[in-house]
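A.B. asks: Residue strings, one per chain:
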Amino acid sequence: MKDLDDETLAQRAGKGEAKAFEALALRHADRVFRMAWKWCGNRADAEDVTQEVFMKLAGKMHGYRPRGKFTTWLYQVTLNQARDHHRARKRRLRHESDFTAQQALLKDEGANDENAGPEKIAEMLHRLPEGEKEAVLLVVCDGMSHREAASVLGCAEKTVSWRVFSAKKKLTEWYGHAG
Amino acid sequence: MQDEEKIISLLRDERAPALGEDATRRIAHAATQEFIRTRPAAGGGFRQALAGMLRPANNDSGGGGLRAPVMAALLLAIFVGSLAVLSHYREMTGDRPQLAQDDAARQKTILAQFNAEFSGRVQAVISTDGHMQIVLGKRQTAEAQPIAISLAAGKRKVEILSFSGENVKVSLGGKELSFEALSDGGKGVILTGGKLFWTNRANSPQSVEGLKIRAKVLEM
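So the sequences go chain by chain: A and B.
Be aware that the first sequence starts at 1, since it is given in our numbering, and climbs by one per residue.
Be aware that the second sequence starts at 1001, since it is given in our numbering, and climbs by one per residue.
These are calculated hints, taken from the structure and not from any lab test.
Quantities reported herein were computed from a predicted structural model and do not represent experimental measurements.
Glycine residues also receive a C-beta, built at the ideal position from the N, C-alpha and C atoms.
Hints should not be assumed to be uniformly reliable.
[What the hints assert, rightly or not] Some chain B residues close to chain A (C-beta under 7 Å, calculated; not the full set): (1) I1008; (2) A1018; (3) L1019; (4) I1027; (5) A1031; (6) I1036; (7) P1040; (8) A1072; (9) L1076; (10) F1079; (11) V1080; (12) G1081.
Using the sequences and the hints, build the whole thing.
C.D. replies: Next up, the structure:
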């Protein structure tokens, strides 16, 4: 199974082959986790999102028909799940009356776990509008071409270019002010 | 410009921690269990695949999806395709029933298509000397294993696609046959009913009660 490419494994999984699905999950769990971590900014949420992504894939893989690269679809599912998870978390926070609990969560969100490095840039990344943040995550952090990112985000290539440009402008401005 | 370069460098910096081997295995295992749990049973694969194809496109639907107006044309094409394949069976001659390996995929498809068309109520698809009959019953159990059976008496032949546990009634060479088709859970098939008892084990006779019989489990 290890020698097979993603598309072959995905097609086999689509036909019900559990080993093929497991091989895909083992191969991509770390990739999904890293993307989720960059989106969420903390390990606990990123692990939750990773788990949710693969549980979702488990239900969606049956009858899988390739319409592009498997990883493009995987990124789409990951970003959708990260968004959903984040919104659900925000809703929970809104209904949370315990102020200290909120503070603890917010503190945790900015903590960046064991990689306490440049918190400032991480915090600024999370201040960006969702579309710009995702464009930056895919293009700048993950090294995707604008075209690939456009197919993941389901928008035009020009839109990605614009979002990346706009995000860089904002980040540079905020970084300058903060410095 | 220096700031921008620094920001890009910080963003590119691989700061995200690794998931770790234990967590990777735990997540993959849980998802695989869910994959197995939600895996469609016999006949369901085609139905689910069809549903996936017809699902409106959205960002995370693996099938991409066709729009609803295509549905009628697609179903019609499937139906016509099924009839074409079945007519091929009808034209087959010779007294030895044919269950070639490459037929198995087509047989599975035919059974799955009809089963999807009739909401899982297909007991058997019987093709007898140019006449095709679909036998409907109550909704089949999800785990039912599909089985292909060929019976021949002289030049007369019946091709049956059914599911394990279903009772099949056919008329062949002036004889009325009624039997239950059973899968042993592996590749074994047992046909039993009245004076008929036959299995597809290597040492079992290929001819019983004047009938040449072949049968196999169609692995889904």
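A.B. asks: Taking the hints in turn, state whether each one holds.
C.D. replies: These are the hints, each one checked on the structure:
no.: 1; hint: I1008; in the structure: holds (6 Å)
no.: 2; hint: A1018; in the structure: holds (6 Å)
no.: 3; hint: L1019; in the structure: holds (4 Å)
no.: 4; hint: I1027; in the structure: holds (5 Å)
no.: 5; hint: A1031; in the structure: holds (4 Å)
no.: 6; hint: I1036; in the structure: holds (5 Å)
no.: 7; hint: P1040; in the structure: holds (6 Å)
no.: 8; hint: A1072; in the structure: violated (20 Å)
no.: 9; hint: L1076; in the structure: violated (20 Å)
no.: 10; hint: F1079; in the structure: violated (19 Å)
no.: 11; hint: V1080; in the structure: violated (21 Å)
no.: 12; hint: G1081; in the structure: violated (17 Å)
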